[in-house]
Each structure stands twice: as C-alpha cells, then as structure tokens.
Amino acid sequence: MNFTYFLIILVKLLELKNIKRREFLSNVCPTVAFAIAGISIIEACSKDENVDVSEQIQGGFTVEGNIVRIDLEDSSFSLLSSQGWMNFTSQQILLLKLGPNSYRAFTNECPHRGNRNSWTYNSAESKFTCSSHNNSYPSDCLSDGTAGGVLKCYSTTLEGNILTVTKS
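Take the sequence shown: its letter number 156 is residue 1011 in my numbering, and every next letter is one higher.
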C-alpha cells in the first residue's frame, strides 16, 4: 500500500469520528514526517554489518596465526599488478603496491565506523577512501585521516614472489 492510499484511509476514518482536517493534520503529519525521514536518518548513521558480498579468494595464500603469506604470481592477486591495490577481504587486509618490490598492508577496518568492504584508492593523493562516509586515510602509516585516526599498518616483507604480512 503506498503512502497516498494510507492517507486517504486515515482521512476517511477521521471523517467517521468527526475530527476536523486541521486537527488531524496537526496531530498526524509530524508523526508521519518523522516516520518517513527519521528512519532514513537513523539508518544512515547505523553501523554497517560488513557483509562481504565480494568473491572470496580461494588460493594463492596461507595463514599461520597472524602471518599471511601471499603468492603474488597467483591470479587471485592480479589486481595488485593491474590497479596497484586490492581489498583482501577474507583476511581483512588492504594491500598496496608502492613499487616493483615494495608493498604496504593495512587493516581494512575503517577507523571511523569499522566498515571493511567500501574502499577505493586515490594514487594521486596516496589515500584510501572509505565510501561508506567518504572519509579518507593517507597510506603513509602516520597521518590521521579525516575521521577516526590513522589507518593501521601491518609489517610486510617480500622474498621472491611471496609477500608476507604480519598482522599485529
């Protein structure tokens, strides 16, 4: 049932009870307006459940405790070569290629609200942006972002084609 039909039914019911239109509008309209706008506003500020709808990477890495070893030659990690970064959602890591033999890794948890799957990277500004609230975070591991602080960095080492990320 759409909103117009709802109002028509309410008006008909109120006519049966002999309530004047002005009285009806002054009593009902604020409630209806809040119901329509208020829920949207409250929902917009709620914390995302971070349901990962992206394809999970099945191979090309191993995990031992807090250490993740990534085979950079595996096709699952081709985004690192083509776009220079990727959100490795199953391990909750953002990976960034700085150069031919240099990588950085970060938590993919936004410092502002904890979202994990809404990231983009701006290479011109060297910043990750969480599109949930458009907050950006420098990739230098030192500078505060626009909200919530610094994007947490993890240590990385590269041996051959194996990138090791130590989450701490």
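Note that these hints are calculated values from the structure, not bench results. Among the hints, a few may not be true.
To be verified - Derived pair list, reagent style PhoX-like, types lysine-lysine, alpha-carbon separation capped at 25 Å:
#, residue 1, residue 2
1, K982, K1022
2, K952, K1007
3, K982, K1007
4, K1022, K1007
5, K952, K982
6, K952, K1022
Said to hold, decoys possible - Using C-beta positions, here's what the derived DEER-type ranges look like:
#, residue 1, residue 2, range
7, G920, S998, 56 to 66 Å
8, S933, T975, 25 to 35 Å
9, S881, Q938, 51 to 61 Å
10, I863, S937, 23 to 33 Å
11, T859, D999, 24 to 34 Å
12, Q938, G1004, 19 to 29 Å
Built from N, CA and C at the ideal position, the CB exists for glycine as well.
These are the hints, each one checked on the structure:
Between the alpha carbons of K982 and K1022 the distance comes to roughly 20 Å, so the proposed pair stays at or under 25 Å and holds. A distance of roughly 16 Å separates the Cα atoms of K952 and K1007; the hinted pair therefore holds under the 25 Å criterion. At roughly 13 Å between alpha-carbon atoms, K982 and K1007 fall within 25 Å of each other, so this suggested pair holds. Restraint check for K1022 and K1007: satisfied, since their Cα atoms lie roughly 10 Å apart, inside the 25 Å limit.
With a C-alpha separation of about 13 Å, the suggested pair K952 and K982 falls inside the 25 Å cut-off, and the hint holds. Distance restraint check for K952 and K1022: the Cα-Cα separation of roughly 17 Å lies within the 25 Å cut-off, and the hinted pair is therefore satisfied. Restraint check, G920 to S998: a C-beta distance of roughly 29 Å breaks the suggested window 56 to 66 Å. In this structure the supplied range 25 to 35 Å is violated for S933 paired with T975, their Cβ-Cβ distance being about 18 Å.
Between S881 and Q938, the C-beta spacing of about 56 Å keeps the proposed range 51 to 61 Å intact. Our hint of 23 to 33 Å for I863 and S937 is violated, since their Cβ atoms are close to 56 Å apart. A beta carbon spacing of about 49 Å between T859 and D999 contradicts the range 24 to 34 Å that was offered as a hint. Q938 and G1004 have their C-beta atoms about 26 Å apart, which keeps the hinted 19 to 29 Å range intact.
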